Amino acid sequence: MTTDDHVGGSPARVGGIDRVTGRQAYVADLRLDDALFVKLVSLDVARARIVAIDSSAALAVPGVRFVTTAADLPDPMPRFGPQFRDRPVLAAGETHFHGEAVAAVAADTLDAAEEGARLVRVEYEELAAVFTVAGALDLAAPLVQDPALRPGDPLANSNVLREHRYGWGDVDAAAAEPGLVVVEGTYSFPMVTQFAIEPHAYIAAPDGDGIAIWSSIQHPNWLQKVIASLLHLPLAKVRVFAPDPGGGFGGKQHAKFEPLVAFMALRAGRPVRLVLTLEETFQAVRRGASEVRVRTGFRPDGRLAWRDVEANYLIGAYADIADRTVGKGSYTAGGPYRTPAVRILARSILSHTTPSTAFRGFGNPQQIWAVESNMDEAAGILGIDPLQLRLLNVADRGDAFIPGDTPADGRWSETIEKAAEMIGWNTPTPAGRGRGIAIGLKSGPTTGLSYSTVRLLSDGSVIVHAGTSDMGQGARTIFAQIAADELGAPFEWITVVSGDTAVVPYDQQTSASRSSVFMGTAVLRACHDIQAKVRSMAARLESVDEAEVVVERGAVRIGERTLAIRDVVKRGLGRLGGEVIGVGEMRKDAEPDHPLGGTAAFYEFNATAVEVEVDRETGDISIPRYVTVSDVGKALNPLQVRGQDEGAAVMGLGHTLMEQMIWDDGGRIRNLGAIDYRIPTSMDLPTEMASDIVENADGPGPYGSKGMSEGALLPVAPAVAAAVTDATGAVIRDLPLSPERVWRALRESGDVAGAPGEAGS
Amino acid sequence: MTAIRIELTVNGRPRSVPVEAHHTLLEALRDDLGLTGTKECCLVGECGACTVIVDGVSVDSCLMLAAEADGAAITTVEGLAGTDGVDRVQRAFLATGAAQCGFCIPGQLMSARALLAITAHPTKAEVEEGLAGNLCRCAGYEQIIEAVLLAADEPDAGDGTSEPAEPAP
Amino acid sequence: MRAFAYERPADLAGAFALLAEHGPDARLLAGGTDLIIRLRDGSIRPRLVVDVKRIGELDDGIRDTSDGLIIGARTTMTAIAADERIRRDYTALADAAAVVGAVQIRNRATLAGNVCNASPAADTAPALLVYDARVVAAGPAGERRIPIDAFFVRSGVTTLAPGEVVTAIELPVPTGRRGAVHVRRTRRRGHDLAAVTLACSIDAAGVTRLAYGSVGPRPVLAWGDTSLLADRSASDHAKAELLERLFTDARPSPTSMRASPDYRLAMLRVLGLRAVRAAIDRLQAQGVRP
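Just so you know, the protein sequences line up as chains A, B and C, in that order.
Here the first sequence stands for residues 0 to 760, numbered as in numbering that gives the first Met the number 0.
Here the second sequence stands for residues 0 to 168, numbered as in numbering that gives the first Met the number 0.
Here the third sequence stands for residues 0 to 289, numbered as in numbering that gives the first Met the number 0.
Restraint-style ranges between C-beta atoms, simulated for each label pair:
#	chain 1	residue 1	chain 2	residue 2	range
1	A	Gly92	C	Asp59	53 to 59 Å
2	C	Val156	A	Glu687	43 to 49 Å
3	A	Asp33	B	Ser15	23 to 29 Å
4	A	Asp71	B	Asp31	31 to 37 Å
5	A	Arg292	C	Arg44	47 to 53 Å
6	C	Gly55	A	Leu58	43 to 49 Å
7	C	Pro253	A	Arg78	40 to 46 Å
8	A	Asp33	C	Arg44	30 to 36 Å
Calculated from the structure, these hints are not laboratory results.
All values reported here derive from a predicted model rather than from experimental measurement.
Where is the CB? At the ideal position from N, CA and C, for every residue including glycine.
Whenever a hint applies, use it, and build me the whole structure from the sequences.
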């Protein structure tokens, strides 16, 4: 029997029917009997010393069961965090950012919890705080983090959480070469928020002698460790249920309020649930803001000679995974180019603002905005076509473009050329328009560990256990495609189980576009494990030597004969039935001497080309044509690849054109919520959007695949800005390119109407 | 608090349900009627995740008191097709890959359904306008728009008429 | 949301009685697209919400009378944007109604509610000013008509008396053909609150009426001799200078996060000229040359 190839096709999304019928149950849709509702209490200031908390009025509200404050939690306050254990379960003594929870009310109804939360009286004293890079670096600035949390850290008495230094070659020596053209600029990227349409939701319930947690989290196994550690429970007594997140984008990677609801559930002796409002999610997660200074030396022919980058990332009040985004995001600031000498200094700078965390692109979009804008400015100064400047410098496959790391793993020039061809780079730009092109590179996972068990049941159907969170990327569909092909089962006969740490084997995390490569390989290996067992089974049934049996791609071959795996298994398992269990593992160990702790498993690479029109009177940018091309190695599911790339592009257009968190002088978010934090709607799209891929099967994942999903977001802003410059001559180094900012830039470059007498050109 | 009994038809089924005066239709659907397909996100009428059809027109159920729905006929995502089927819009969403994380999809479907009821063969611009009140952060807008245009080209089996879903094993 | 009581009077008398009894503790609910947001965010905390949608005397239609068009208090933006008479004779209002929120909002939001909110950024306000609309208010003492320009006071405040209910908005019969348009500036193309909103109407005699909003505490009807605007021989420069004088009442908030004052003022000028041109185009499309 031969099976249809599912890999490389686009079968119906696993979970698709539930998504279009409303049956998909997200955390907030779960109803546990007897659950208490939790509402958080926070202050309308950023940093404050908490003098006293009076819960008596709240407790008098009918239905309010209890109020949890720091005083109700273990002393010292339990802290957690993926990089530093600095985040308290509730603010302890002092709040560090606008919206930090100081208390939580548990009640029989949400109404009662909300009423109680309004009545919790907090006496506090507002304290001086820092909200900007300059403010945080001021020597007289108040410290965001208690130095006691950073013993032995020479930076402990500053707001710099970490400094990262990377590089190769000798930049000073290279810069001494005569005749180089030096291009310099500082580029800023504002705070933006993930704005998953599903607000974060948490449920906790006592579970026998342990605890169960439901969370819309990307890393259930990581959460399991956090909760076990805080509650002093064995891992096996912490069961994490992770229903498919309604969008994650990095904001749901790490624990936020799960520890709080866990303590509250144990206190209540019954389930408690906390569903954040959208406003509260803005106060829980964001992307790090940045100011990146780039200086690049070019030879007159356009070849890169050296690059010097100083990147200041404004992270929030607690480290979360933000410092890692700074390190990993800045590490590739040399770009996908052959640069003889590179020096990178990146700082993660604490501030009294929403803790920043992972967000699609993981620190790279900020850096790429700077570096690619710098490349475009260089092209202008050198008088070289921006496309040619990139092609001239981009690394070839195999080039050690970052010495000591994974060599370039794709034919990146092919990706660039494809994007250029699709936008018609070498054809005349239509009148009134401008064109821009930019490229983006992201280092993939540096370590990883994924396990899968695959169970081939006696009728040939298959259950795949794979702990990846399916948050829209369609991970389960990919795993089902692999299992269907490898085990010869109809696609509809595959069930993929995820989101339950008591059932599904360990997966390190769903991040860094890793799951097709890491979990996909684990699933593939589990299928191979089954194939080996089927091979023995077939040899026994057919009374041939195992050496004569080949099992691959869904079929058993003995000489000229081909048998279906299903038929072999049915006979082999016999009257008792049962199943054949395969186990797969994919591991990438840490390399302690590597600056990031490990080389890149793969690189994500994307080229984006756009055509824009700029309304010179209003500053409005419209995008008649948009092209995005990603090197994906092999598209396991082209429809899903397209969805991820186009989705990343539109998300990138959000921070390029309109998104920014706006703060008042007291560190409060002014545009809290959906009315004044603008994200793209269906009316804000490019008129024509085209996405394509490059497939050379040169990735480390199943069938030559690479990770993808973040790449198409990386170069959006510099591509659009380059096109604006092409159309108008204005160079803009700050995001977003809002109409007002573009208008202002045009006016400064003397290219706009506006005052009487100038209008109406 | 004031409980009010309202009588309404939800997905073709007459319901009588006590609601709080200050509760929205969204809360009544999700909490009182257990219809959790309608989603909650922004609560200010910006995102459209809670879109349902009330007496033939799409509304944000977060901005309508449950009491206001007394006497109304409501269709939620659960009522688009029969229990084991999908309608042409749902089928098109599956075909074009429009449903990614899925959280906005019930709202998108309701807006699409409402649009097609008024404009049987919309242009792309009309679809963009018709669905602009439904934010998608996976930003699968291109595929969502494609789905609506695809659905418009298919014969409509009518509300509540179930059509075959994926083949069962 | 904080708890409140809900009443649904069947007639105006019932509404008046509730308003008289509860005074400022009562709020009227029409489409709810603003009210419910404010109930939830706690910026208003009424004890009673009075739903006007079942009041028998209020209708959701648009009626032709010898005095002009009468838009019932329950008429939604969707209905207004789709109404052929409004699209023909009150084009700027049709334009404006079509951009209030997204479809779901327009299906609920009413013109009467929009007017009563008195938001400086209300999209429909400039058009209503340009058309000399009248607010029909009913109270226990009877009915009165308030010119729209005398209705708006400042954000959230109108000259509607306590205990009164807006029953309709009247649009006077046009005196002749006119070209009219509503334009706005927003941060994105999808639904958004406008940073500048402006309506312009030009008739065959060249009489130009212009109103603008979102640049001060209330929407403004520009006064003065505007005939130059419709004058095809006048230069853009001269028109811009005239517009500048018409916009002297613009006082954009210096603290708004949506746009800075200088951008708003600059956009007022840009939109002013564009609106004049578009209005002339629409007039010419009817075969009329101003």
